[in-house]
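Novice: Please build the complex by placing chain B on the supplied structure of chain A, with the hints as guidance.
Protein chains: 2
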Amino acid sequence: MRRLKLTIEYKGTRYSGWQRQENAVGIQNVLENALAYVLNEKVALIASGRTDMGVHAYAQIAHFDTCASMHTDRLPGAANSQLPPDIRVLACEEAPDNFSARFSVKSKTYLYKAYVSKISSPLRFETHWQILPPVDLEKMRRAAAHFVGEHDFTSFMSKGSTPLNGHTRRILAFDVRGAERDEIRFTVTGTGFLYNQVRVMVMAAVNAGQGKLDPDAVPRILESKDRGLVKELAPAKGLYLYKVEY
Amino acid sequence: MRRLKLTIEYKGTRYSGWQRQENAVGIQNVLENALAYVLNEKVALIASGRTDMGVHAYAQIAHFDTCASMHTDRLPGAANSQLPPDIRVLACEEAPDNFSARFSVKSKTYLYKAYVSKISSPLRFETHWQILPPVDLEKMRRAAAHFVGEHDFTSFMSKGSTPLNGHTRRILAFDVRGAERDEIRFTVTGTGFLYNQVRVMVMAAVNAGQGKLDPDAVPRILESKDRGLVKELAPAKGLYLYKVEY
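Protein chains in written order, with the numbering used here: chain A, 1 to 246; chain B, 1001 to 1246.
Just so you know, these hints were derived from the structure itself, not from any lab. In this text, all values refer to a predicted model and were calculated from it rather than measured experimentally. Any given hint might turn out to be false.
Said to hold, decoys possible - Taking lysine-lysine pairs in the BS3-like style, the calculated list, with each CA pair at most 27 Å apart, reads:
1. A/LYS237 / B/LYS1113
2. A/LYS159 / A/LYS113
3. A/LYS118 / B/LYS1243
What the hints assert, rightly or not - Some chain A residues near chain B, calculated using beta-carbon distances under 7 Å:
4. GLU9
5. LYS11
6. PRO85
7. ASP86
8. LEU90
9. PRO122
10. PHE125
Cβ coordinates follow ideal geometry from the N, Cα and C atoms, glycine included.
Just chain A, same shape as in the assembly:
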């Protein structure tokens, strides 16, 4: 038995998310089927974490155990020949038995791509979030800076299952910068995230940029531990799982 670690890129637009599902097509379903076909055995993937419907990945990481003898150099090409163009295995490596794509994660980086325009952009309608002008980049940065560090993020998550390890998480970096033309990129790195935490935090930063939220209210909202204060969620289509560190 070997444990293999995969690096996977995908465009999430056509899928119901990473997670394998019975009545919808998850990216996991498609990948497991392709791997099972080329390795001639059942494959069960463990990913670094789920991604929501419509969320993309530059480099999702997953592992699986296999009895197959295929060389790691050959596996990406073999799997990719069975995959649709919006999913690709970029790399395959041998991993030690105690490696877990999920539990060995040291940090994860998410990237949000947005643009500021009154008119939605045909070239970016599946890949970027349209933000209405005017926005103040400095105010977004001030809001973002308040999230960095260890906090209880109860106020910045969606309701769902309560995680066993509580609501305290550590954000290592939250960068907001202008990109080409009318684009803004948000980059958030953390040791772990609550359900929808990135989408709620980025929404709060954008609200601050649009003057709907005082950027310096973020510490008070964190302290309040009140999920009702920031209700909205940035849309999935601008969000990318960018990097997972082990």
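Specialist: Relative to the frame of chain A, chain B by itself:
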């Protein structure tokens, strides 16, 4: 009767090209139908030029004549409410009677987005051209530089209808530069282009970068006026009509 000038962005993936067609859906069909609906009269668009199936536009320009009284500020929103998300009217202006989106063109700029990788990229499969490594940027630049100026481009076009104004065109700029990660961008500006000229020239530059063509053979190929020397065509999906100047 007024003449209106439109600036249009589109993602060409789902369409058979700009051109109105009987048995396929051109971008022109969709736009003319949307404009006819909001203006309550038949609309016939004249564009700066056709774009091929799968080619995108940051800013296609088209004009049409109308008896409708709708204000230019209101037209984009009204039209966009009737358009699919991959086509948007970005701007509308009054134009003089002697303005022609087609015949008044001073120059056009095309952008080619490519990336260098052995594995195709899910996030870019509809929007970029995958080039296999290794490539030499300097050789691509050398080939590109030979196209700048006034030349007979018979060797660098696809067969098709012979243009009335001959095969001589003026290329004002042909820029090749590295972009983020593994990306390369080709930007070509000319006063006019022959059928598929941009796609054949960019293909030649990439062949030079991959060592399949001596970059300094370009002047000889131009002089030969032989369409058979550069047979391939860069794919449509990485090509964007970027800017039209009047």
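Novice: Hint by hint, note whether the structure agrees.
Specialist: Evaluation of the provided hints:
| no. | hint | in the structure |
| --- | --- | --- |
| 1 | A/LYS237 / B/LYS1113 | holds, 21 Å |
| 2 | A/LYS159 / A/LYS113 | holds, 25 Å |
| 3 | A/LYS118 / B/LYS1243 | holds, 20 Å |
| 4 | GLU9 | holds, 5 Å |
| 5 | LYS11 | holds, 5 Å |
| 6 | PRO85 | holds, 4 Å |
| 7 | ASP86 | holds, 5 Å |
| 8 | LEU90 | holds, 6 Å |
| 9 | PRO122 | holds, 5 Å |
| 10 | PHE125 | holds, 4 Å |
Of the numbered hints listed earlier, not one is contradicted by the structure.
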